Every structure is written in C-alpha cells, then in structure tokens.
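Let the hints inform the model, and build the full structure from the sequences given.
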Amino acid sequence: GAVVSQHPSWVICKSGTSVKIECRSLDFQATTMFWYRQFPKQSLMLMATSNEGSKATYEQGVEKDKFLINHASLTLSTLTVTSAHPEDSSFYICSGRILYEQYFGPGTRLTVT
Amino acid sequence: GQQVMQIPQYQHVQEGEDFTTYCNSSTTLSNIQWYKQRPGGHPVFLIQLVKSGEVKKQKRLTFQFGEAKKNSSLHITATQTTDVGTYFCAGGGLSGGSNYKLTFGKGTLLTVNP
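For the protein sequence lines, the chains are Z and G, in the order given.
Using our numbering, the first residue of the first sequence is number 32, and each one after it goes up by one.
Using our numbering, the first residue of the second sequence is number 2, and each one after it goes up by one.
Keep in mind the hints are simulated off the structure, nothing from the lab.
The reader is advised that the hints may include incorrect statements.
Part of the chain G face toward chain Z, derived, beta carbon under 7 Å [unchecked claim]:
hint	residue
1	H43
2	P44
3	F46
4	Q49
5	Y101
6	F105
7	K107
8	G108
All of these numbers come straight from a predicted model, not from anything done at the bench.
Glycine residues also receive a C-beta, built at the ideal position from the N, C-alpha and C atoms.
Here is the structure:
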C-alpha cells in the first residue's frame, strides 16, 4: 500500500519558537495532502487541504498565519507552527490522497513548553 | 458546516461477541469512509461506500450506507482481540465542491476482553 512518512515523529520546543513538520509520500505522488490535528482519545480535526503548487485551503478557525503550509512538490508538504504556544501541543497527522482514499502518516507529537 | 456524529464513544465486548458502531451526518454525503486506528497508531483506510443503500463485507466486517446517504454503520461479527482500536467514520460531503475532504466522526473505541 501507499506509504506516507512524517518527520519528526516527536518534537519538544519552547514557547515562542517555530517548528516545521514534514510529510512525504514515499511511493506515490500526492496532488493533495491533508493536515489534521488529533487530541488525546479524540477525533481528527482537519486543519487544511494542501494542493501541490497552490495555496493551502484552511478550515474555519484555523489561523493560516500561525500554521504555514507549503506543498512544493508532489511528494512533500510541510506544516510550520509559528510562535508555538502550549495550547498548540497536539498530535499532527498528515495524509496523502490517491483518488478517494487517504493514506495517513504516523503523526508528529508536538509538545510546547 | 457538515457534522458527523458517531456512537457509541466506547464499547467493551467479550471476545466472540458482535460489535456495531453507527454514524450519522447532518447533511447528505457523497460518500462515507471507515478507518481503523490501533492504539498508538495512525488511521488506516478500511472501505468507502458511495451508493445509497450500499452494503459491503470484508470477512467479519459489514459496512452499510443508508438510503438517504446520511447514515452508516460498521458491524463486526464475532470480535477478536485483533479488532481492538478506534473505528472512525468519515463523511465526504459536497461543501465547497470538494468530494475529497473528509469530516471525521469522533470514533468508537473498541476493547475486547479475551
């Protein structure tokens, strides 16, 4: 099956700093990638839809200036959490789309101290 | 916006018992997908339903899509310990013209007592 990787798998950063998370489709080209946020024992909340070569589409309530998304190639999308605060601590998961199926990465655990 | 409700939130069963989780959307869906997330893992695609009234089976798993394309269910027959995990339904709606964006339900955490 299609494989999606994320890097880093976990990161701890200080409040006010920025963190970049990479999402790569390893064996397929993903025209569309999605970024989700998942709180412990809760559902996945879609943050944004990332299309290669164009600006990301953010869901209502998600600050685009805080969560910068870049999808520069068909195999790489990045999410940068700028000026991170403790409330940004969460599990961030990306997925790559093939037709209607989404293939999820293993997620990145972000802890902001 | 589109909302997808899923019940129950938790279900604990004895191995061999059946299990069902239900999903209900506030709007008509273009399709519904089901994912399974093992503890500590990431969601894995199980199936997609597209047609009104569609029923699909995967071994012990039976998936149904309602006639109105607003509800769906996943039924597991004779659960096994390997079925443990959180089952999410995800609705593909027509909002914004995108049939690929998914709205996830809150999931049902299934635990199985051996």
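Tested hints:
1. H43: holds (4 Å)
2. P44: holds (5 Å)
3. F46: This hint holds: F46 of chain G lies near chain Z, its Cβ roughly 5 Å from the closest one there, short of 7 Å.
4. Q49: holds (6 Å)
5. Y101: Hint on Y101 of chain G: holds, closest Cβ of chain Z at ~6 Å, below 7 Å.
6. F105: holds (5 Å)
7. K107: The hint holds - K107 of chain G has a Cβ within 7 Å of chain Z, the shortest such distance being about 4 Å.
8. G108: holds (5 Å)
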